[in-house]
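Knowing the structure of chain A, use the given hints to seat chain B on it.
Each chain, written out:
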Amino acid sequence: MDKSLTWKIGLIVAVIALSIFLLYPPKDKINLGLDLKGGMHLIMEVVTDEALAIQTDMSAAQLRGLFKDGSIQYDKIARKNFNKIEITGTLMSDERKIKDILDDDFRDWTYTVGGNLVSLALRPNIEQQLRDQSVDQALETIRNRVDEFGVAEPTIQKEGLAGDKILIELPGIDNPERVKGLIKSTAMLEFHLVVGGPFQTEEAALAEYKGQLPDDLEIVRTNPRRLDKGFYVLKAATVVPGKDLKRASRAQDEYGAPAVGFSFNSQGAAQFEKFTAANIGKLLSIVLDDRIESVATIETMISGDGIIKGRFTVDEVDDLVLVLRSGALPAPLKYIEERTIGPSLGADSIRKGLMAALGGLLLVVLFMLVYYRAAGINSVLALLLNMLILMGIMAYFHATLSMPGIAGIILSIGMAVDANVLVFERIREELAAGKSPKSAIDAGFKKAFWTIFDSNLTTVISAVFLFQFGTGPIKGFAVTLIIGIAASMFTAIFVSRVIFELTYGRRKKLAKISI
Amino acid sequence: MLKIFKEEPKFKFIRLRYFAFALSGLIILAGVATFFTRGFNWGIDFSGGTLIEVSFQQPTSVNQLRSSLAKIKLGDAQITRIGGENKFFIKTMASLKKLNFPSGEKLEDIEEYEIVAKEIRNGMMNETERAQAAAGKIDLNNTALGEIARFLRENGLNDEDANQTAQLIIGLRKSGSGIISDFSALEKAGVKHRVMTILRDKTFLSKFTFLSVEFVGPQVGKELRRKATLACIWALFGILVYIALRFKSVLLGLSGILTLAHDVLVALSFILFFRVEMSLTVIAALLTIVGYSINDTIVIFDRLRDNLKIMRKDDLTAILDKTLNQTLSRSIFTSLTVFLTVMSLFLFGGEVIRPFAFTMLVGVIAGSYSTIYQSCAWLKVWENSFLKRKKS
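These protein sequences, in sequence, are chains A and B. Be aware that the first sequence starts at 16, since it is given in this note's numbering, and climbs by one per residue. Be aware that the second sequence starts at 44, since it is given in this note's numbering, and climbs by one per residue.
Extracted from the complex, chain A is given alone in its bound form:
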């Protein structure tokens, strides 16, 4: 055996060994997609406009404080849209002072001062930064929640061109409603002073103020699961911001019913203490995600911690504790896509996918053996190696096998032997032209190479665009197709050639080959 053949065989053996190593044990190495093992697939959009609106509201509140401190006169400071602030009723004489404040403390804003009107707008780059931040934060929070809930192998990642969508894949999820609620809860816990209520309807509440609610008040509905259905009028300003919440835990009220315990950090505790001391005898409401969870009279000064009472079940307490612990979402989430695949469907798809793969393989093998005889065996060996390499590389990249991915593999079977067909047909032609078997094999491989290269390249081009465009399963299809084609370049050209050389190479005289 000549030297070059030895290292060629060595290379092939190494590739086989590596593929088996990467793939073994296949149960752990090949991830099944949700469509095959069942589970829940969610795509949510982070409503970043809301996050900006919250930020703008805070800036507006800051402005009010600064104007008050600087005794600058104004009628109204209000948020417009989600990224603008408008100040009306300012005096021309205050223009210098206003500009100084804005130049010093509002660098993230552009402003125009004209007559009695000052308009501020968030700078576009800052706006984008805030949007990105809120998506990142949402991603982190969701990850915490899913981890705490204890779902095995979840996928949580950004998706979409604008990067404002979040993909969540939960395999074998067994409690869809609950998980969805958990993920979606913004978990914005706020404390507001109650001004009036309860009212039966929003209109009744509004009527108290002759249909015109003052700027610093808001009407909030109760969470009907905790309190009687109704509406309260609350002070709009929150007593302690949600970010000052330090800890949440399971607790019990004085009757032993489940409740949620919470405590503030030192800053929040100090603020809360000051506030409760000043408002003894008044009503305090606890608001979660714009729903009143609890209303209670402030009986004494409250410092570091407290509990939320209500008609909780144990599970509800657990969920609330979990979302409070994992932190608030910076902006609300909107589900835009949801797919739930039941457990039996996945099992059925695997059976069918396997059957189709075996059927395809069998048909192709049968055809190659009948039509090309001994050379057919050659191509079948190459094909099997192709499949092994394909699975090995997929395992290496932790690729997920989905139904379209299986289709990609099946298609690769057909496309891989394409290359063999091109070579064999060429060899037959060379034989027909009167060449000796050995030189016919030589010429066959040489001349077919560029054809094979060309045809594979065009398929790769479109697979790449498919990958660019596709969502999960389609990406899986594109990936298997690309890997399968790349592997076939190796097996159909290199490996198949070596097999020919092994079979016929040692014979001094070769009169006939079976092809």
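By construction, these hints were calculated from the structure, which means they are not laboratory data. If you're wondering where the values come from, they're calculated on a predicted model, not measured in any experiment. Ideal Cβ placement from N, Cα and C applies to all residues, glycine included. Mixed in with the good hints there might be a few duds.
To be verified - So the derived list for chain A, only partly shown, Cβ under 7 Å to chain B, looks like this: (1) Glu65; (2) Ile69; (3) Met73; (4) Ser74; (5) Pro191; (6) Glu352; (7) Glu353; (8) Gly357; (9) Gly374; (10) Ser470; (11) Thr473; (12) Thr474; (13) Ile489.
Then chain B, alone, in the frame of chain A:
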């Protein structure tokens, strides 16, 4: 040696070019007409809406299913039977307004779809099942693992028993058709006697199960349509650039692209004729056709360039026919191997992947046909300018 042609065939393909053009033209025209009259059957990936795959225990007809959907005002939902089984796809874009469902507060699209799905589930139940559900019993055939376990815990089982029983129930659903027909099957599967009493008392087994439930919001589809169109255009453009570089001949490149466009258009036409659902996987199939069906055309054009040098004295028709005949068995066989695998996928791969397999089948056949009857025929059409360029 087994050969389909004992010796090189001598078919006169080029002579048939006008028939070939007419045939393809007719198919594509019919496709265009269908597009403007009936349009595509968009899957929920693109249209948004609710898609439910439901399996029944007893033989059920589409009409029966439709009449139970009509009761909840969803009689116009699209119902597709899956194979010969008692499984169906139910697709609807209905929102609450259509169901005259009082919506207490503003709901997002997906939330609306969820309520629609719940309504459909209620609609599927018969009177006794509905009464049982109303009495607070849970349906073991349509409840998720964790929910079953929680329900059992709430009914006095300890954690271990509750989880174990829930696992057994789901395991039984997984192994069979997804439906547990009666409680004795659970007993046989090893559910404890004590637990069985609770199950018989507090749960019921409906005669159907939802195998999958999917909701897609309307805004997703819009973005996807744009992205899919862009991907197809870019892929075609990529191939165009490649061919132009590869052949260094505008007319060869143009003929190749026309052949390719033909394959995609014919595939699209058949998708329209058979109302195949346009889903993401169908787009994947179309793009694969774009990349794949150009292959045999490249093989032929390669050979053509050789023959143009060898057969200087012959006229173009003879050269083209010779080229086609020389590469004929190869053109047929490379397509045949892919055809065989796609056929297997079509037959055995199940309903989910069938639209993909169908599109690929049409694409492969159209590709094989167009390679033989059209790629070279276009060159004949442009004979004068093609030969002039070659000589210079």
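Sort out which numbered hints this structure fails and list those numbers smallest first.
1, 2, 3 and 4
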